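Required output: the full structure, derived from the provided sequences and hints.
Line by line, the protein sequences are chains A, B and C. Once you know that position 519 of the first sequence is 519 in our numbering, the rest is easy, because the numbers rise by one and skip nothing. Once you know that position 49 of the second sequence is 695 in our numbering, the rest is easy, because the numbers rise by one and skip nothing. Once you know that position 83 of the third sequence is 951 in our numbering, the rest is easy, because the numbers rise by one and skip nothing.
Be aware that a few hints might be false.
Calculated pairs, DSS-like style, for lysine-lysine (alpha carbon to alpha carbon, straight line, at most 30 Å) [claimed, not checked]:
| # | chain 1 | residue 1 | chain 2 | residue 2 |
| --- | --- | --- | --- | --- |
| 1 | A | Lys481 | C | Lys1022 |
| 2 | B | Lys770 | A | Lys545 |
| 3 | C | Lys1022 | A | Lys608 |
| 4 | B | Lys807 | B | Lys854 |
| 5 | B | Lys752 | A | Lys212 |
| 6 | B | Lys807 | C | Lys981 |
| 7 | A | Lys534 | A | Lys481 |
| 8 | A | Lys481 | A | Lys274 |
| 9 | B | Lys704 | B | Lys768 |
| 10 | A | Lys506 | C | Lys1022 |
| 11 | A | Lys506 | B | Lys770 |
| 12 | C | Lys981 | A | Lys608 |
| 13 | A | Lys481 | C | Lys911 |
| 14 | C | Lys977 | A | Lys601 |
| 15 | B | Lys768 | B | Lys752 |
| 16 | C | Lys981 | B | Lys856 |
| 17 | A | Lys12 | A | Lys2 |
| 18 | A | Lys376 | A | Lys286 |
One side of the interface only, derived from the structure: several residues of chain B facing chain C at Cβ under 10 Å [as the list claims (entries may be wrong)]:
| # | residue |
| --- | --- |
| 19 | Pro703 |
| 20 | Lys704 |
| 21 | Ser712 |
| 22 | Ala714 |
| 23 | His742 |
| 24 | Cys745 |
| 25 | Cys748 |
| 26 | Val813 |
| 27 | Phe816 |
| 28 | Ala830 |
Don't read these hints as lab results, they were simulated from the structure. These numbers come from a predicted model, not from an experiment. The beta-carbon is built from N, C-alpha and C at its ideal position, and this holds for glycine as well.
Read off the chains here:
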Amino acid sequence: MKAGPSNSDAIKERFETLKRDALQRFGEIKGAEVPRITIGMATCGIAAGAVETKAAFEKAIAQHNIDARVEATGCIGHCYAEPLVVIENPGFPPICYNNVTPGKARALVSSFLVDGDPLFEYVLGALEENDMIPSVRDFPRFSMEERIVTALSGRIDPEKIENYIAEGGYEALAKALALTPQEIVQEVQISGLRGRGGAGFATGRKWEFGLKAQGESKTVICNADEGDPGAYMDRTILESNPHQLLEGMAICAYAVGAEKGIVYVRAEYPLAVKMIRIAIEQAEAKGVLGSGILGTDFSFSVSVFQGSGAFVCGEETALIQSIEGKRGMPQHRPPFPALQGLWGLPTIINNVKTLSTIPAIIKKGGEWHKQMGSPKSPGSAIFSVVGKVVHPGLVEIPTGTTLRTLVFDICGGTPHRKAFKAVQIGGPSGGCLPEAFLDTPVDFDSLIEAGAMMGSGGMVVMDENSCMVDVARYFLDFTQKESCGKCTFCRIGTRQLLNILERITKGEGREGDIELLTTLCEEIKEGSLCGLGKTAPNPVLTSLKYFRDEYEAHIKEKRCPAGMCRALTAFYIDLDRCARGCDACVGSCPVEAIFTTRDRKKAIDQTKCVKCGECVAACPPQYTAVKRVSPPHLAPRIERPQEPQE
Amino acid sequence: MVKLTIDGKEVQADEGKSLLEVCTDNGIFIPSLCFLKEMTNPPASCRLCFVEVEGLPKPVPSCRQSPAEGMVVRTDTELVRRLQRSALQLLLSAHHVDCRNCHANKRCALQNIAKFLGVGLKPKRLEPLAMEFPQEREHPNFIYDPYKCVLCGRCIFVCRKRTGYGVLTFARRGIDTVVSWFGADGPDSPPCDRCGECVNACPVGALKSKETVQAPMEAAGA
Amino acid sequence: MDAARPNENDDNVTPLKVLAATLAPFDVKRENLIPILQTIQEKEGYLSPEAMKMVAKHLGVTASEVYGVASFYNQFRFHPPGKHQIKVCLGTACHVVGGEIILENFERKLGIKHGETTPDREFSVDRVACVGCCALAPVAIVDETTHGHMAPSKVEGILLGFQIEKERKEREKEQRESGSQQ
Ligand SMILES: Cc1cc2nc3c(=O)[nH]c(=O)nc-3n(C[C@H](O)[C@H](O)[C@H](O)COP(=O)(O)O)c2cc1C
Ligand code: SF4
Ligand code: SF4
Ligand code: FES
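Shown next, in the form of structure tokens:
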């Protein structure tokens, strides 16, 4: 049968059957009156020890000989709390536990599942309002978020399609197939959705180009290359809810008339690859992907292409080169991929988050999306907030939320009562914004105006101990290494920038360096071929703009105000504070730079010290005798006593 | 054929040509390294051929711009020259400038462009980059000097065009990129035609054919 | 010729037959080049010159084309990796809490630089960009295990663990051998 309005009833019918079936399967799992333990098993959870925790639960359950299910889910984005476990014990609300070690797991089984004591000291919160246990909704980290894309992340089993369908999945696809492609494109245009891959291009317009483009076949590519070295939300979405993405891709394919889809996944994401592959297989088996989707004449097959480690391949033309089996070098645009992309044929490339938002837009309507967040970039924004914050992790908020709300209210601000200094947004293409910009709303235009960029959505919070010159150097080091080497400005220009920044952080900065950096940055931005080179200077330009005094301190006084640049700092032990006979720091030093003075106190051999700061951590809090100073000559010189001759 | 204005002069042009060619045909010099007329898809990588086109917000590489009816082009604006000088200085900062001992002396595109733009061959603004490549590389038929290569890709293009498969390719990435002929000596590899086109295509002194250098190499005890 | 360039005199090249079997399922299509290289590297740990030449032959492209593509991407190695692979994350979050110091400690303890393998081929050290465990920064991945909240002092512990394990195995082997002789 033909897809489109003429067969809307039949398509709906087809989908309802699917859903009934899924609900039944799902109900069997859910309805059973046995305790259910769900563990977050995305990459971050596993890194924090979720595998061991899961094993501990399983073993304890077997030992106590009780009937309970242990299941895996994706990531709900609360990385600080991993391993995160939800226990649904009949008679109790679902309870969320944080940092569940194997020990806690054993205790939970014996106390909660066997004796009915939910162990309040381990509880993070209940997932439902109740009068027994405080709800997670009482924390801003939960209540201030507004989740569209990550709504089901960490709540469903990504390996079970029934789970997704039972929660309303693939309904949008069924709805879309009963519309005309033009109607879908129009709905997306109304929604005001802008590409979440960084540049913020209007998705509806891109699809319109795609729909109108002529070519013997068209392709939809999902860009999951996620190369920003401080962002991981695309990975989390793939690992936690791959079907939502496939649904979005299928809707896009129907709207623009494509038959083939490719998910381009970054090399370092093996679990994401596994999840998306399982999802494709299951979706094909259910008839929501593959040939004759939901009984219509619309066919769409999806394959996975694994990247091989090149940040620049996130750039759409380079990505296409890479799929074609070539060196991933960006190409001059126009022609744009929507008209001439993979194999010279029309190709729509969208980010994971963009495509994952589509099902919600089709289901709830473009108007609904348009109403959310700030008018010019409506919808939600997903950030991975990391660095010096109390509650790092993934956060989905309406656009237009201020940075202050995001960093302080939702993520708990900087830990250890250290002063907030800056927030780096948009990774290597973005910039560092100081405190004065905390009231900037997060949306494409406001951030660009401030000199940063939404970019990939990576957000790194920095406190007083972070050196802005060093951060700029770090990003330049990254872009310089990742430059494809094709065009002059980026290949050589970023290397020149890096050299100057390296000199400055080593205390070899010179008069005129700031001006040279500024002009070079402007020229690289203007002259580079692709977005990598055009945005690479942003971290330098913003830090120069907002933290010029730090550059000047490095250049003129050879001093690093944050005490971060190792060439410009020294550690020494305050002999007045050092406890005689204590040698807590000695073993901590990886290079044996700490020696005993004549009066049995400790001192640091400056010629050996590698400035790792281990001794600072090792010195007992009642002494805190290890001090860090910049410039290094402020550290008192203490000679190592001659070894007694034997 | 279309009519357009370049630097105030009205010219006729074939729409199929690039603006760069149109300028050159009309006696206007546009610095460039990576462009060859035969290319259908010029790489636009050297970033020297910028021009300003009225109505476009930023300078564009003329090798990728088609002429159009009524187009108004300027090739010598302040911004264009600034970008060209900067690109050239960058190239020179990564180039082993040793003209006196270079076989390409006097016919080198870098010398030519530097003269045109009024840029010294050893720009003061930028420090020469300490590049690290393995020593000069030898192919059975030519010698390649990565310290002189500007990565324009011309040699690779002509080789591929002639042989259809390409003995030469770019290898590695970023600042470490080099021209490579890995496996060219292998028994299964399609052979090098010994046509010398790559050497002729090189705008600088990065490639030289073996015959011309045999003697000095031996003299150096190599 | 250069560090990233394949080592021509490599003695542990896989039998070409095995390689041929690996290649067989792949259609002769240029777009299969990268997936083929990934498969070979997964099996062998690296791309030997022979392997690249065979891939070229299989796909009907020149060997330089294959090397040109392979050497563009970070993922491909041209030397056999160590038995234990250490990857230190230098993503942004790890950088701001001293990821480089962790890397340096591994380098110092093993006496190699990142991208290299110890002469006994026991360890190789690499730097990687964000592995997506920023909340655990600084992070190092040793073989399959992710170590969060790394500290220079933990470096020694990890390496020592391998050393002890190796010695234990050797002892067992000796015992077995002397046992079987009796
Ligand atoms: C250097 C560079 C890296 C990029 N990396 C990514 C990436 O990792 N993921 C992504 O979706 N887009 C990335 N982009 C943007 C893509 O080129 C493209 O604009 C985007 O995938 C389009 O999708 P959208 O319209 O949904 O944003 C990158 C661009 C550049 C210049
Ligand atoms: S800007 Fe950088 S990454 Fe982009 S084409 Fe130029 S060299 Fe390659
Ligand atoms: S060798 Fe010459 S022609 Fe080839 S890329 Fe280098 S500079 Fe260009
Ligand atoms: S000739 Fe146009 S960029 Fe090189």
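These are the hints, each one checked on the structure:
As the CA atoms of lysine 481 (chain A) and lysine 1022 (chain C) are separated by approximately 28 Å, the hinted pair is consistent with the 30 Å bound. Between lysine 770 (chain B) and lysine 545 (chain A), the direct Cα distance comes to roughly 25 Å. Compliance with the 30 Å bound is thereby established for this hinted pair. The straight-line distance between the Cα atoms of lysine 1022 (chain C) and lysine 608 (chain A) is roughly 20 Å, inside the 30 Å bound, and the hint therefore holds. A hinted pair counts as satisfied when its Cα atoms are at most 30 Å apart, and lysine 807 (chain B) with lysine 854 (chain B) qualifies at roughly 20 Å.
Restraint check: the Cα-Cα separation between lysine 752 (chain B) and lysine 212 (chain A) comes to about 53 Å, which exceeds 30 Å; the hinted pair is violated. At most 30 Å may separate the alpha-carbon atoms for a hinted pair to count; lysine 807 (chain B) and lysine 981 (chain C) exceed this at roughly 41 Å. The straight-line distance between the Cα atoms of lysine 534 (chain A) and lysine 481 (chain A) is roughly 15 Å, inside the 30 Å bound, and the hint therefore holds. In summary, the hint linking lysine 481 (chain A) to lysine 274 (chain A) is supported, as the alpha carbons are separated by about 29 Å, within the 30 Å threshold.
Restraint check: the Cα-Cα separation between lysine 704 (chain B) and lysine 768 (chain B) comes to about 29 Å, which is no more than 30 Å; the hinted pair holds. Distance hint between lysine 506 (chain A) and lysine 1022 (chain C) is fulfilled; the C-alpha atoms sit about 28 Å from each other, no more than 30 Å. The hinted pair formed by lysine 506 (chain A) and lysine 770 (chain B) meets the criterion: a straight-line CA distance of about 22 Å does not exceed 30 Å. For a cut-off of 30 Å, the pair hint linking lysine 981 (chain C) to lysine 608 (chain A) stands: about 19 Å separates their Cα positions.
A hinted pair counts as satisfied when its Cα atoms are at most 30 Å apart, and lysine 481 (chain A) with lysine 911 (chain C) qualifies at roughly 27 Å. In summary, the hint linking lysine 977 (chain C) to lysine 601 (chain A) is supported, as the alpha carbons are separated by about 28 Å, within the 30 Å threshold. With a C-alpha separation of about 16 Å, the suggested pair lysine 768 (chain B) and lysine 752 (chain B) falls inside the 30 Å cut-off, and the hint holds. Straight-line distance between C-alpha atoms of lysine 981 (chain C) and lysine 856 (chain B) comes to about 37 Å, which puts the hinted pair past the 30 Å bound.
For the hint linking lysine 12 (chain A) to lysine 2 (chain A), the alpha-carbon distance of about 13 Å falls within 30 Å, and the restraint holds. For the suggested pair lysine 376 (chain A) and lysine 286 (chain A), the alpha carbons sit about 38 Å apart, so the restraint of at most 30 Å is broken. Violation of the interface hint for proline 703 (chain B) is found here, the shortest Cβ-Cβ separation to chain C being roughly 32 Å, above the 10 Å cut-off. Below 10 Å, beta-carbon pairs count as interface contacts, and lysine 704 (chain B) has none with chain C, the closest being about 28 Å; its hint is therefore violated.
The beta carbon of serine 712 (chain B) is not positioned within 10 Å of any beta carbon in chain C (closest approach about 29 Å), and the interface hint is therefore violated. The restraint placing alanine 714 (chain B) at the interface with chain C is violated, with a minimum CB-CB distance near 35 Å, outside the 10 Å limit. For histidine 742 (chain B), the shortest C-beta to C-beta distance to chain C is roughly 17 Å, which exceeds 10 Å, and the interface hint is violated. At a threshold of 10 Å, the smallest CB-CB gap from cysteine 745 (chain B) to chain C is about 26 Å, leaving the interface hint violated.
Proximity of cysteine 748 (chain B) to chain C is violated relative to the hint, the smallest CB-CB distance being about 22 Å (cut-off 10 Å). About 6 Å separates the beta-carbon of valine 813 (chain B) from the nearest beta-carbon of chain C, less than 10 Å, and the hint is met. The restraint placing phenylalanine 816 (chain B) at the interface with chain C holds, with a minimum CB-CB distance near 6 Å, inside the 10 Å limit. The criterion of a C-beta within 10 Å of any C-beta in chain C is met by alanine 830 (chain B), whose closest approach is roughly 6 Å, and the hint holds.
When the structure is compared with the earlier hints, violations turn up for hints 5, 6, 16, 18, 19, 20, 21, 22, 23, 24 and 25 and for no others.
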